[in-house]
Every structure is written in structure tokens, then in C-alpha cells.
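Turn these sequences into a full structure, and let the hints guide you.
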Amino acid sequence: MTGYHLAELNIGTARAATDSPEMAGFMAGIAGVNALADTAPGFVWRLQDGDGPGATALRPCGPDVMVNMSVWEDLGSLRDFVYRNGPHLDFMRRRRSWFHPMAVPYLVLWWVPAGHIPGLDEALSRLDLVRRDGPGPRAFTFRDPCPPPVPAAQAAR
Amino acid sequence: MNRADRPASGLIGFRIVTVTEISVIAVLEDPVRRRLYDYVAAQGSGVSRTEAAAATGIGRTLAAFHLDRLAEAGLVEVTFARPAGRSGPGAGRPAKLYRRTTAEHQVSVPPRDYRAAAELLAEVVDVTGAEPELQRAARSRGAAAGRAARQQSPALPDDALVAGALAAQGYEPYRDGGDVRLRNCPFHLLADSHPPLICGMNLALLEGLLSGAAVTSLSARLDPQPEECCVVLEDSKNNAD
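Here the protein sequences come in this chain order: A and B.
Heads up: the first sequence is residues 13 to 169, going by the working numbering.
Heads up: the second sequence is residues 100 to 340, going by the working numbering.
Honestly, the hints are just simulated from the structure, not real lab data.
All values derive from a computational prediction rather than experimental measurement.
Just so you know, not all the hints are guaranteed correct.
Estimated spans, in silico, between C-beta atoms of each pair [claimed, not checked]: (1) B:His204 - A:Pro113: 46 to 54 Å; (2) B:Leu255 - A:Ser32: 34 to 42 Å; (3) B:Arg133 - A:Asp61: 58 to 66 Å; (4) B:Ala243 - A:Gly131: 49 to 57 Å; (5) A:Pro149 - B:Leu255: 55 to 63 Å; (6) B:Pro256 - A:Glu134: 55 to 63 Å; (7) B:Leu255 - A:Arg144: 31 to 39 Å; (8) A:Ser32 - B:Arg198: 33 to 41 Å; (9) A:Pro125 - B:Glu218: 29 to 37 Å; (10) B:Ala217 - A:Pro72: 31 to 39 Å; (11) A:Pro149 - B:Arg198: 32 to 40 Å; (12) B:Ala247 - A:Gly146: 44 to 52 Å; (13) A:Thr153 - B:Ala202: 55 to 63 Å; (14) B:Asp258 - A:His128: 53 to 61 Å.
Where a beta carbon is used, it is the ideal one built from N, C-alpha and C, also for glycine.
Written as C-alpha cells, this is what we have:
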């Protein structure tokens, strides 16, 4: 509607290798949670490595750091899935048994023109941005969301 | 607007805001109004003046008067709807319906700000990854409340015991088939700012409450509903199917 979709990247440092007993609950549940995302209202796209479940085999930030990336029609649909979908919320509730806490932002949101599928380099540069400058129109978080750009700004991209 | 009514910034402003909150709460001092508020707050959807009057055993005109006072204070909100099954010309005027608001009012005298402290603590738990410890603490707090409720009324059926213990913790339980759902989230603002943290804490608290009260007919599960608590207490029999 606005001509923009919302892109999301979150990363997590795993407490153990994906084939370890510590990570078994995560690895067993991730496919089901991803399937729920695929049918959630407003879902557009998510990153897949074509190898493990979801994007669990990709390691662009280091050997233990897993990435998750998706595109949604708007902030409301992503928020509803993340925080108001029972099985996903339950998965998030258990995240500390699988991932180390981080003192810096590990999630970033940004607007992309509808139809644009962001690459990992674009996503990681937005994460750098929110870590360096804090939330702003080009990179923000659920806590401090920004509205999509007005169409006039489209040419400046 | 009178100068004294306007919330200002700084210390003086804080006192004025608190006084405003007290006047909101004071609207509930009238016992009839309080009964009406309790009735409206416990319903899932809007209720008409006639329904509220019948439920509280007072006349419709008196009910209308008090419901409008509650609405003016912002304790309930007003919507308009036609009775089910009637539409188009000749369906009559839409009825005035009253329902609970999501706004919350807290009064402390002298002023205290536990919300800010709670937000800071939640932030730290998030950053340090102390969620498992928070869930453990919540589970044992819930268990203590459950045990106390059981000791107080050992012979009470599970249903009534759970309903009473939940209400004492600030939940508003209601039956949904064999399940128990919770209309109120006692941690609403924090749950909004830190959902997985607070919903996980809430789930642990309720799991603890059930086990402390030795109730096995229900089991707690995350199942967020719009405007309601994120936890449902499921009929264990249904769950086992």
C-alpha cells in the first residue's frame, strides 16, 4: 500500500553446534516455526540456505552466529507473528537456552521498496547502522519503529 | 482548562497527575457503580444498559446514569451497535454499549514509580540473558500463591480454587469451553515493551500456580489473544487427545 515492505534481520550466537544435544530443541522446532511464518498474514519472503532448515547453515558473521532474515508487508504483520503467534512466542521464550545474550542490538528493521529482496550484505550494513547510530529511519527496532518513507524520498534511494 | 488541572512537568506535575488518577479511582467508590464496573469489565464484549441493569439488579435509568459517569472518567468506553440480526431502515437506533478500556490507572500515595524500576530490571534481564532465572523465580512465586490458596480452602473444587487464586493475582479468568482464558494481563505495559521476557515469566508464574495448588486438570500454554493475557489454561483432557 505504501510501496514499501519491511525487512528484518536478527542474529544469534549459538551456545553449541547445531548437531549438539543443547541445540536439538531449536533445530527440531525451527522448521515448524518457519512453516508458520510462510502462512502468516503479511509474510513476503524469508532467507533460506537450501541446505539446513531455514537459513541455519549460513554463517556470514562468524562460525557460531546464526542469521534469520525476512520481508513482511508492514510492521504490524511482523509484530503479530513475532509476539502474538503462540508457537513462535513460545520458541522465543526458550531462546536463552540456545543463544547467548547480546548487549548490542541483534535485530534490525528497515524499509525496502516492495518487490526488492535484500541481500545479506545490505542487511548486515543496516545492523551496523543501528548499532552505531541507534534507531533511525534507515535502521530501527521494534522498540523504536519508524514509518515507511514518503514516496518522494524514493528517488533519493 | 483550569491551570491546576493541567498536568505540568516536574515535581508539581507529578502530584497533579496523581491527584487526577485518584479522582478517576474515586468514581468507583459508589458501591452501585462499582458493581456495574465489575460486571462490564468481566464481559468479553460491549454490554447494553438493559443487560447491565438486569445483571446488577437495578433500574435501567439508574444503570444508564452510572455507566455514563464511568465512561466520563474513562473507566469504560462507549460503542454503538445494532442488536444482532437487525439492520437496514426500521432497525431502530443503534444501542449504546459499554466495555472495559485498555487504559490503566494506578494510584500510590505518596507517589512511587515502580513501573520505571520494572522497565529497567526487564532491560537488564534481557541484556544479561537471565530469563531462565526469572522464569524460575516466577514459577516459585506462583507455586507459593497456589499452595496458599489450596491450604486456605482444601475442599474447594479445582475450578473455583483456580478462579479465586487467579483473581487474587490480578487476572480476570473466564471459561472458554473446557479451557480457562484470562481477560486481563496484570503486566500489560511491560509485556508490551518486553514480550518474550514478560510472557515467559507470566507462563512460568501460572504453571507454578497450578502445580502449587495441585491442579492437574488444567495446563498452562502460550496462546496470545488480542487484548487478552498471552496464556491459556487448557483442559488437560483435551490436550492429551
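Consistency of the hints with the structure:
1. One distance hint, 46 to 54 Å for the beta-carbon pair histidine 204 of chain B and proline 113 of chain A, is violated here, with the actual separation near 34 Å.
2. With their beta carbons about 47 Å apart, leucine 255 of chain B and serine 32 of chain A fall outside the hinted range of 34 to 42 Å.
3. At about 59 Å, the beta-carbon gap between arginine 133 of chain B and aspartate 61 of chain A stays in the expected band of 58 to 66 Å.
4. Taking 49 to 57 Å as the suggested C-beta distance range, the pair alanine 243 of chain B and glycine 131 of chain A conforms, at roughly 52 Å.
5. A hinted range of 55 to 63 Å for the beta carbons of proline 149 of chain A and leucine 255 of chain B is consistent with their spacing of about 57 Å.
6. At about 59 Å, the beta-carbon gap between proline 256 of chain B and glutamate 134 of chain A stays in the expected band of 55 to 63 Å.
7. With their beta carbons about 58 Å apart, leucine 255 of chain B and arginine 144 of chain A fall outside the hinted range of 31 to 39 Å.
8. A hinted range of 33 to 41 Å for the beta carbons of serine 32 of chain A and arginine 198 of chain B is inconsistent with their spacing of about 50 Å.
9. The hint said 29 to 37 Å for the Cβ distance between proline 125 of chain A and glutamate 218 of chain B, and at roughly 36 Å that hint holds.
10. Look at alanine 217 of chain B against proline 72 of chain A: about 37 Å separates their beta carbons, and that is inside 31 to 39 Å.
11. At about 37 Å, the beta-carbon gap between proline 149 of chain A and arginine 198 of chain B stays in the expected band of 32 to 40 Å.
12. Against the hinted window of 44 to 52 Å, the Cβ-Cβ separation of alanine 247 of chain B and glycine 146 of chain A comes to about 45 Å, which satisfies the hint.
13. Checked against the hint of 55 to 63 Å, the pair threonine 153 of chain A and alanine 202 of chain B fails, with Cβ atoms roughly 26 Å apart.
14. Remark: the range hint 53 to 61 Å for aspartate 258 of chain B to histidine 128 of chain A is upheld by a beta-carbon distance near 54 Å.
When the structure is compared with the earlier hints, violations turn up for hints 1, 2, 7, 8 and 13 and for no others.
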